[in-house]
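Novice: The primary structure of each chain is shown beneath.
Protein chains: 2
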Amino acid sequence: MSRLYNRVAFIGLGLIASSMAHAIRRAGLADSLTGTARSAQTRATADEIGLVNLVCDTAAEAVCGADLVVLCVPVGAMEAVAREIAPHLAPGATVTDVGSVKQAVIAAVGPHLPDTVHFIPGHPLAGTEHSGPRSGFAELFDNRWCILTPLEGAEADALHRLTQFWQGLGANVDLMDAAHHDLVLAVTSHTPHLIAYTMVGVADDLRRVTDSEVIKYSAAGFRDFTRIAASDPTMWRDVFLTNKDATLEILGRFTEELFVLQRAIRQGDGDLLHDYFSRTRAIRRGIVEAGQDTDAPDFGRAKTRAAQ
Amino acid sequence: MSRLYNRVAFIGLGLIASSMAHAIRRAGLADSLTGTARSAQTRATADEIGLVNLVCDTAAEAVCGADLVVLCVPVGAMEAVAREIAPHLAPGATVTDVGSVKQAVIAAVGPHLPDTVHFIPGHPLAGTEHSGPRSGFAELFDNRWCILTPLEGAEADALHRLTQFWQGLGANVDLMDAAHHDLVLAVTSHTPHLIAYTMVGVADDLRRVTDSEVIKYSAAGFRDFTRIAASDPTMWRDVFLTNKDATLEILGRFTEELFVLQRAIRQGDGDLLHDYFSRTRAIRRGIVEAGQDTDAPDFGRAKTRAAQ
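Chains as they are written, first to last, in the working numbering: chain A, 446 to 753; chain B, 446 to 753.
Hints were generated in silico from the structure; no laboratory data involved. Watch out, some of these pointers could steer you wrong.
Any copy will do: because identical chains look the same in the list, a pair fits if it lies in one copy or spans two.
[Stated by the list, open to error] Simulated pairs of lysine to aspartate or glutamate, EDC-like, Cα-Cα distance not exceeding 16 angstroms:
#1 Lys661 <-> Glu734
#2 Lys661 <-> Asp649
#3 Lys661 <-> Asp587
#4 Lys661 <-> Asp619
#5 Lys689 <-> Asp714
It should be emphasised that the depicted structure is a prediction, and the values quoted were computed from it without experimental measurement.
In isolation and in its complexed conformation, chain A is listed as follows (with noise of 0.2 angstroms):
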């Protein structure tokens, strides 16, 4: 893979920006990397690990000179950033972000970007539970999908070239528009992360089931749902405000369904049970099929880890 970029601008050092920064290394992709974070202490570690060539104090000097800005805060501070680059970046430039709403980005950062530069929205299906700019390696998005959600009359070399780009980083790249992604993401992901908080709550509120009991018998489903309930909770603060349409509309399905399943428990209908965890069966078949995810039991230990 050659250089796709001259310089890359990173707001914020988190998890994604620092696995883009491994891996956009390990691909030649770009000669140089700026970055900057609100917290001192981030800017201090990201400066001690060397994760960038050059940690700024401010996201105005970072994105000076770049022609690939990449805005990884937290969905609610992405206007802010947005109004702080603004007057900063170099014309031609591509902006993009990863962020897990879309249409919430959307408004938040274009009304502010000149129209000299290329706006881009971008969200890579990718994380961990960790978080901070030592939590970054290179395979983070290697054969997973990133995906790009254009507006309309973008620049065909822009897009192209920061497609390439995700494909550099070891992703998939899908184009969608940014009102399906939002839905699609509130059923494989925001959803879900909503019951997995929740059910780690009500485990900790329950007073007879005493917390270390709770952390000893974690060994079946409770533990995976306390895996997603350990992500970042401002990130996820965000996604559920500015995604709240969506949300809302699954998790009234999820409580319908629900309710349907405890009226069966209730009544004892054992018929209508087992066809509902039958039929739940063969999506995961489906996943392993489609190569996102393994066939290999999970009990919760001895996970190989590609890179730390």
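Place chain B on chain A using the hints.
Specialist: Same frame as chain A, now just chain B:
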């Protein structure tokens, strides 16, 4: 580890029984193994792969001469099995089970067994989403918990031997009251499974989000849910039907909490969401520290498998 039983009989030859068979041989805990299953195909497979020394057509034959009998059938099938084996149990034999619910098993099995045997209910907290005699592996129980719920007046020697047996299979053993077990498991396993089944069912129902999109973009939280929701339908139907009260109680609390978060999303109460998500993060740390999961990020690929 030295030999603890002369002959171990398995009624049911699924994931748990087959993993126990491998682990017994790994540690040399018994001289011979017998087994049976309701399905002729399961019996033929067990025979073909040499899972036990003798595959029998009936449970009555399988328990003949066994000093340990392990009931590895779904909870709903326990009573019929107990009735069938009761007249054929060797005096002094220990009868145990691996069911996920304990009060219902005690009620279903206890009354049928003769006074000449030791009935000690048990539940190993281990599993994968796979089932059948080929799915077992010797390491399934390593460093997992096995909860025994002995009845009042259980014979100390028989309990001690069964405890050593599970330790020999790699597990840590705890004793617990059956009712408390059922409540703890409703929190850490049963309700999470029902929720995962529900969420996968919702995704399956949605018309605008096609199956292929749900599968394709399942990189995030949903993937973990599909793994949970791929578990054996019969086993889980029986769990919910037999641990009805505890499951319904926890489901009620879950719905209550979910509505609080749903209202916060609707009203845009970011502080409530952020506080909630920060609190659940701490529980995850507890689980990692308790050694029940690794801190390595789970991004759904490249897991090592101890054995197959």
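Novice: All the hints need checking, so say for each whether the structure fits it.
Specialist: For each hint, the structure was consulted:
With identical chains, the CA atoms of lysine 661 and glutamate 734 are at most 16 angstroms apart between copies only, with a shortest distance of 10 angstroms across copies and 33 angstroms within one. Proximity of lysine 661 and aspartate 649 under a CA criterion of 16 angstroms is satisfied intra-copy only: 13 angstroms inside one chain copy versus 33 angstroms between copies. Taking the shortest Cα distances, lysine 661 and aspartate 587 sit within 16 angstroms of each other only across copies (14 angstroms), while inside one copy they are farther apart (34 angstroms). Only between protomers do lysine 661 and aspartate 619 lie at most 16 angstroms apart by alpha-carbon distance; the minimum there is 11 angstroms, versus 42 angstroms within a single protomer.
Taking the shortest alpha-carbon separations for lysine 689 and aspartate 714, only the inter-copy value of 11 angstroms comes in at or below 16 angstroms, while the best intra-copy value is 34 angstroms.
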